[in-house]
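Enquirer: With the hints as your guide, set chains B, C and D onto chain A.
Protein chains: 4
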Amino acid sequence: MAHPGDVSALAGLLGSGALDAGAIRAVIGKTEGNGGLNDFTRGYFTQSLLHLLSRAAGREAEALAARIPCVLSGGTEGVLSPHYMVFAAEPAEGGGGLAIGTAFGPPVAPGDVGNDAQIARVAAATRAAMADAGIEDPAQVALVQVKSPAGGPGLLLRSVAGGAMGAALALGDVPAKAAREAALLDDFSLFSPRVSASAGVEVMQDEVIVLGTAPGWVPGLSIAVRPMTDALDLAAIQSAFRGAGLSADPDVPPGQRSRIRAILAKGEPDRSLHVRGQRHTMLGDTDLDAQRHLRAALGAVIASVAGDGRVFVSGGAAHQGPPGGGLVAVIAESA
Amino acid sequence: MAHPGDVSALAGLLGSGALDAGAIRAVIGKTEGNGGLNDFTRGYFTQSLLHLLSRAAGREAEALAARIPCVLSGGTEGVLSPHYMVFAAEPAEGGGGLAIGTAFGPPVAPGDVGNDAQIARVAAATRAAMADAGIEDPAQVALVQVKSPAGGPGLLLRSVAGGAMGAALALGDVPAKAAREAALLDDFSLFSPRVSASAGVEVMQDEVIVLGTAPGWVPGLSIAVRPMTDALDLAAIQSAFRGAGLSADPDVPPGQRSRIRAILAKGEPDRSLHVRGQRHTMLGDTDLDAQRHLRAALGAVIASVAGDGRVFVSGGAAHQGPPGGGLVAVIAESA
Amino acid sequence: MAHPGDVSALAGLLGSGALDAGAIRAVIGKTEGNGGLNDFTRGYFTQSLLHLLSRAAGREAEALAARIPCVLSGGTEGVLSPHYMVFAAEPAEGGGGLAIGTAFGPPVAPGDVGNDAQIARVAAATRAAMADAGIEDPAQVALVQVKSPAGGPGLLLRSVAGGAMGAALALGDVPAKAAREAALLDDFSLFSPRVSASAGVEVMQDEVIVLGTAPGWVPGLSIAVRPMTDALDLAAIQSAFRGAGLSADPDVPPGQRSRIRAILAKGEPDRSLHVRGQRHTMLGDTDLDAQRHLRAALGAVIASVAGDGRVFVSGGAAHQGPPGGGLVAVIAESA
Amino acid sequence: MAHPGDVSALAGLLGSGALDAGAIRAVIGKTEGNGGLNDFTRGYFTQSLLHLLSRAAGREAEALAARIPCVLSGGTEGVLSPHYMVFAAEPAEGGGGLAIGTAFGPPVAPGDVGNDAQIARVAAATRAAMADAGIEDPAQVALVQVKSPAGGPGLLLRSVAGGAMGAALALGDVPAKAAREAALLDDFSLFSPRVSASAGVEVMQDEVIVLGTAPGWVPGLSIAVRPMTDALDLAAIQSAFRGAGLSADPDVPPGQRSRIRAILAKGEPDRSLHVRGQRHTMLGDTDLDAQRHLRAALGAVIASVAGDGRVFVSGGAAHQGPPGGGLVAVIAESA
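From first to last, the protein sequence lines are chains A, B, C and D. For what it's worth, the numbering used here labels the leading residue of the first sequence as 1, then goes sequentially. For what it's worth, the numbering used here labels the leading residue of the second sequence as 1001, then goes sequentially. For what it's worth, the numbering used here labels the leading residue of the third sequence as 2001, then goes sequentially. For what it's worth, the numbering used here labels the leading residue of the fourth sequence as 3001, then goes sequentially.
Isolated chain A, as found in the complex (with noise of 0.2 Å):
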């Protein structure tokens, strides 16, 4: 990925008969822009993918961006690398696979976020999310990835916070009379450990990808997902991609490397000021993000496990795992 508007890579396989576009259920992305309010890369990309998906498809842009959820982060702080996910996913019979269900909630009106209405609305699209997904079962779910829109300048914050907050509604992870908007920003004590939610200003409506266990997805894949009680929990993390079904001593041996599919986790500038007692500096920084020094830090941990920097790490983990924390997840091939 050259650039946030090359999507040639994906062209390619397209274009070779690798991949069916009519198989892409979600693309989840990391580009190289600041991550924030004014990060145009998300949009650029995502443009340039619909085109793409379009011209494969034969089918109107928006008529694909109304089915196939593009999750978007932008920022690549440090050692982490531009890449995009590609989910493409057939039912199978039988048995057991990594099953895939999205959904999209209605369209937003501008302002409409960190409040009740889209608790309510981001908790109806998980549902409907593992529903497509033919997950029945909540304790199945292994990851909900939620994007909303960014609401206007100082609401974005909020918009992941109401986006974690009504997937872990839906989840169950979140008791319905705590997950209410008073609590949101307010009361981390309550969170999912499996929800990852993010907002940006190019997306009109929330959109909801949900990862788990169900019958009838082809196998091969797997999924492990922990929470993370700071931004230094290297022992978590090491614990994700052995739950992945890879080694992790302290690495992931080259030989095993190509087999690591995915790898997402949201984490958080410790509000608290410090970090295992030690006051740190990313809150209070006039000219650097308090969430560009967080992905930087977080990212390369995780990348150090990973032996490679294309890891989908996104700020503003409130309500995502615990305090301070967050969580990571790791998709990975089976040996």
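Please note: incorrect hints may appear among the correct ones.
To be verified - Here are the computed distance ranges between Cβ atoms for each label pair:
#1 Ala3235(D) x Pro2106(C): 44 to 52 Å
#2 Asp1116(B) x Glu2333(C): 47 to 55 Å
#3 Asp3020(D) x Ala18(A): 41 to 49 Å
#4 Glu3060(D) x Thr2229(C): 47 to 55 Å
#5 Lys1177(B) x Ala3117(D): 33 to 41 Å
#6 Ser2189(C) x Ser3016(D): 36 to 44 Å
#7 Gly1277(B) x Arg2271(C): 46 to 54 Å
#8 Gly1154(B) x Ala3235(D): 29 to 37 Å
#9 Pro110(A) x Arg2055(C): 56 to 64 Å
#10 Thr2229(C) x Pro110(A): 25 to 33 Å
#11 Pro253(A) x Gly1017(B): 51 to 59 Å
#12 Pro110(A) x Ala3139(D): 46 to 54 Å
Derived from the structure by calculation, the hints contain no laboratory data. Cβ atoms here follow ideal geometry from the backbone N, Cα and C, with glycine treated the same way.
Expert: Coordinates of chains B, C and D only, in the frame set by chain A:
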């Protein structure tokens, strides 16, 4: 350390008599600036430190500045935590402890860095610091820390390179024929795996600190230094901690963390624009300096092993460890 | 001023006897930091200044700090030039010159800003500074400069607003009923066109400087203050220079420039996200702080009239001049 | 223009028939990126524009891109407003109106900029664009706008310089003997006061737009171009507006503002590190790119005269106007 002018912790030690100002040999610290040309947190800290020591020792600040190297690196990106390390030691009868020696070069004319003159100056200062430590054999040197004047706009990285080459020359890690101006920032195969160099606008002469093994120093501290092949070299980092007598499985266990006395590292945004084959974006970001990217990333990987954000990590690692990599040093109290 | 710790120009004046340290009433300066929470250039300058004055006056730095307001604003974006202005004055017989008065409020507890308490504290300090200047009638006040503690993360702009409201209350420019906490950063129709406020982490109590007209001050200096309707208000800027007795057609001619003694301005990124109907991007830039944008822009417009980059321009102009605009003050020597 | 991919205003004009896609000769725009190597807002806009024109004109986007120069400059710091200017014109019988001509150079190999080859390529393209406009005498050229490939890391400013030198050579503003690679970014006494050059990663070949006077173009538009001696040259800016038939006392009065059709400027952070004898900090700021500083400052001065933030101001003015200064061009509708 609440801010770059906060030397209250040291003031406490001096006030209580726990530390004698006269025993202070060197100070190495990490302040929360941007680490670049317009990072004045280094000068602010140095001024604050010298005022404190001046009052405590009853000597002029200028005289202290000419005797005590004060090596500051700006930039506490990500999980890094502002801190300073005070090296205080008195020679002791008998043997084999961690030795420290220091030396200053002559005043440097503006712009007189990144050239053969600087290489010669720093080599001479390195030899003087070895002598000050009582180290005769370069093989007994564990780490040389160099700080040189920044030289002016556009010269900062050249000055770092020149300082590194000078120390490498003195150690015999780079042959005299090769340690020339023309090789600076050009032939990256020339390096020492035990030299850490930096440069700053607040520095007016080359300053060198040598750490190693020599008779006549109080035992009780161990140092281990390891080269890193790239910014993801988790195994090398663990090895340095283990070399200093600590566990690292994967991280230093909480019960051992108080034995960590200092962690120093150098790293570099890989000039190939790739880390392990994947494109990074550190060197083409107009908004975020490449060294800030690097410190955030490498610092976090080291901190994740240490379990502590107080890591002195400094960018600009030309001729300090392998190209694209760097080195890491750990000083720990013996068990 | 070569760097934020450089007070050599003032040292020269004190050393030669051209200026008596005891005559110094206040210092206002612009240092080359980022102007935000982690801008330590202000503290560095203040420490350097106090050490100098302490030696010159033979008094403790702490005692001087409690008597001489030292108002620093970080950020010399664009053509702005780091500089500081020393206000030294002795009352004289007779009269009608430029009067100066100063006052300090009580120590402020962390976070105790942006509220009714701060408004009351600053109003009281403003009245005390007026009394110190010998000004009884608020109509004789030309400009009030306020500096308050930053309060902590997220509070900086609230503190600026609270300081402005307090001074506006004392001047009668905002009625007592309206000058309330609830109006801060909310009702921008409440403002004084002659109050300039700022806040900083290095400040521990409110500091106020009043400039105006009163009997008993040496004549020879004029001050003119003008509200600006927006950051493009070239006519208002020219009017301020003319009001202080200078030409401005379109700029101050070279022969008059040495008569400029001080230029102070406040401005604000327009909260409507537009300037004169066109969208600006200052308030949604993740990489570049809105106030840095604003200072670069407004500072350049003023400097283009002055023909000089030594303009004290400070962002965060809530309640200081019209919404979206601000104010500009010029002090000049009489012809 | 709500974001860099927003071409809805142009879509409206094309849809209503107010503008014929076939009449479009060139597009010059200012997008809200950082203006540097990793500014992808230019590519995003260009992609969006070409998709729109492709649909409107029923032609392939690639064919349009090879015919219509699309010169984008990133960076709308301060009061600058994102906007684009569409140059649409048909030759007419008679008349000395504003002429436009365009030309493209051959594809450029990576890194093949900032050298004699680029100078020759751009000179040839400039002559071709003059011919396209029907301008024979270089004296009839008012402004040449050049865009070249960025060339890669570290080459961007060299590419800008090479583009400027090539056009200056074609105009005879720099003699052929002097217009050499060795002079680029070195001999700043060589310049044209009517060439505006830029470079971008999204550009694959040199693109040139020539504006001037020639028979056979519809009258009604005036252009005036003025050199600026530095970033504070308010008088030169006013002169450009007056030269285009507008008042500027000090600014363009509201009733005339709708006659402004385009404002283009180039400027430069003064390499002497001073503006009018006062130190600026643009060239030593690790957190804020020098060109971002410059655009914010110079753009605001020009906007304060125009009364409008839609100013195309671009940094990197080497060989475009006097050293430390630049040039400003205004196109206005006749009264």
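Enquirer: Compare the structure with each hint and give your call.
Expert: Do the hints match the structure? See the list:
1. Ala3235(D) x Pro2106(C): 44 to 52 Å: Holds, at about 50 Å.
2. Asp1116(B) x Glu2333(C): 47 to 55 Å: holds (52 Å)
3. Asp3020(D) x Ala18(A): 41 to 49 Å: 43 Å Cβ-Cβ, so the 41 to 49 Å window holds.
4. Glu3060(D) x Thr2229(C): 47 to 55 Å: At roughly 49 Å between Cβ atoms, Thr2229(C) and Glu3060(D) fall inside 47 to 55 Å, so the hint holds.
5. Lys1177(B) x Ala3117(D): 33 to 41 Å: Given range 33 to 41 Å: holds, Cβ gap about 37 Å.
6. Ser2189(C) x Ser3016(D): 36 to 44 Å: At 40 Å between Cβs, range holds.
7. Gly1277(B) x Arg2271(C): 46 to 54 Å: holds (47 Å)
8. Gly1154(B) x Ala3235(D): 29 to 37 Å: holds (33 Å)
9. Pro110(A) x Arg2055(C): 56 to 64 Å: holds (59 Å)
10. Thr2229(C) x Pro110(A): 25 to 33 Å: Holds - the Cβ-Cβ distance for Thr2229(C) and Pro110(A), about 28 Å, lies within 25 to 33 Å.
11. Pro253(A) x Gly1017(B): 51 to 59 Å: Holds, at about 53 Å.
12. Pro110(A) x Ala3139(D): 46 to 54 Å: holds (53 Å)
When the structure is compared with the earlier hints, no violation turns up for any of them.
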